[in-house]
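J.: So you can see what is in the structure, the chains are spelled out below.
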Amino acid sequence: AVQLVESGGGLVQPKESLKISCAASGFTFSNAAMYWVRQAPGKGLEWVARIRTKPNNYATYYADSVKGRFTISRDDSKSMVYLQMDNLKTEDTAMYYCTAGLGTTRFAYWGQGTLVTVSS
Amino acid sequence: EIVLTQSPTTMAASPGEKVTLTCRASSSVSYMHWYQQKSGASPKLWIYDTSNRASGVPNRFSGSGSGTSYSLTISSMETEDAATYYCQQWSSNPYTFGAGTKLELK
Numbered sequence: 001a002v003q004l005v006e007s008g009g010g011l012v013q014p015k016e017s018l019k020i021s022c023a024a025s026g027f028t029f030s031n032a033a034m035y036w037v038r039q040a041p042g043k044g045l046e047w048v049a050r051i052r053t054k055p056n057n058y059a060t061y062y063a064d065s066v067k068g069r070f071t072i073s074r075d076d077s078k079s080m081v082y083l084q085m086d087n088l089k090t091e092d093t094a095m096y097y098c099t100a101g102l103g104t105t106r107f108a109y110w111g112q113g114t115l116v117t118v119s120s
Numbered sequence: 121e122i123v124l125t126q127s128p129t130t131m132a133a134s135p136g137e138k139v140t141l142t143c144r145a146s147s148s149v150s151y152m153h154w155y156q157q158k159s160g161a162s163p164k165l166w167i168y169d170t171s172n173r174a175s176g177v178p179n180r181f182s183g184s185g186s187g188t189s190y191s192l193t194i195s196s197m198e199t200e201d202a203a204t205y206y207c208q209q210w211s212s213n214p215y216t217f218g219a220g221t222k223l224e225l226k
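Protein chains in written order, with the numbering used here: chain A, 1 to 120; chain B, 121 to 226.
Simulated from the structure, these hints should not be mistaken for laboratory data. Using N, Cα and C, we set each Cβ at its ideal position, and we do this for glycine too. Incorrect hints may have been included.
Chain A residues, not near chain B, derived (Cβ > 12 Å throughout) [stated by the list, open to error]: (1) 19; (2) 21; (3) 30; (4) 57; (5) 77.
Far from chain B, some chain A residues (derived; all Cβ distances over 12 Å) [unchecked claim]: (6) 13; (7) 14; (8) 56; (9) 64; (10) 80.
Pairs of lysine-lysine, DSS-like flavour, derived with a Cα cap of 25 Å [to be verified]: (11) A/19 x A/89; (12) A/19 x A/43; (13) B/222 x B/138; (14) B/164 x B/226; (15) A/78 x A/15; (16) A/89 x B/138; (17) B/226 x A/89; (18) A/15 x A/89; (19) A/78 x A/43; (20) B/226 x A/43; (21) A/15 x B/158; (22) B/158 x B/222.
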């Protein structure tokens, strides 16, 4: 079964950095584009970042709200995807979900999320 | 950026009642996805490509629409259907979501 397990969330101060991780299993990770989607407390869903596969040069895409501050990366040998978050702002406080479409153009699978809180 | 507007924002339905949730896009999209999220849980893909039910979704759920107007319909509301439903488009980057419709049990 497909499983996505996020980790690394926590409490950080504004302008600090944090790196969150997602461990994937149950599918051929190297063939799958991966995504991060976030949800601020009591709010809706927001797509954050996308990373494509090796044949697509690991191309990355970002929401305007995080462009230049967040970096998505992957390690196919470990079936891991990461989100490096720099210069964090209070508005980045959210549950961060790792998602996968497995060749489809939809967020078919979701992890349980990891909570990032940015506060002084 | 394509903006998705969901209506209503909140609604309550009685068991057995027919429910229709709508999602309007600011520009035409090729298809729409819907996700169900219950309190404290991760979202789940519910309807994909406008009208296809995801695995395990009861057949009382259906989706329809085209262009800028889409809907999710529950033919007969059940207790377990109380949740927030989000529409989402993949036609244009960024992949935007609607703000959600919170469906409560009356």
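J.: Of the numbered hints stated earlier in the document, which are not met by this structure?
T.: 9, 15, 16, 17, 19 and 21
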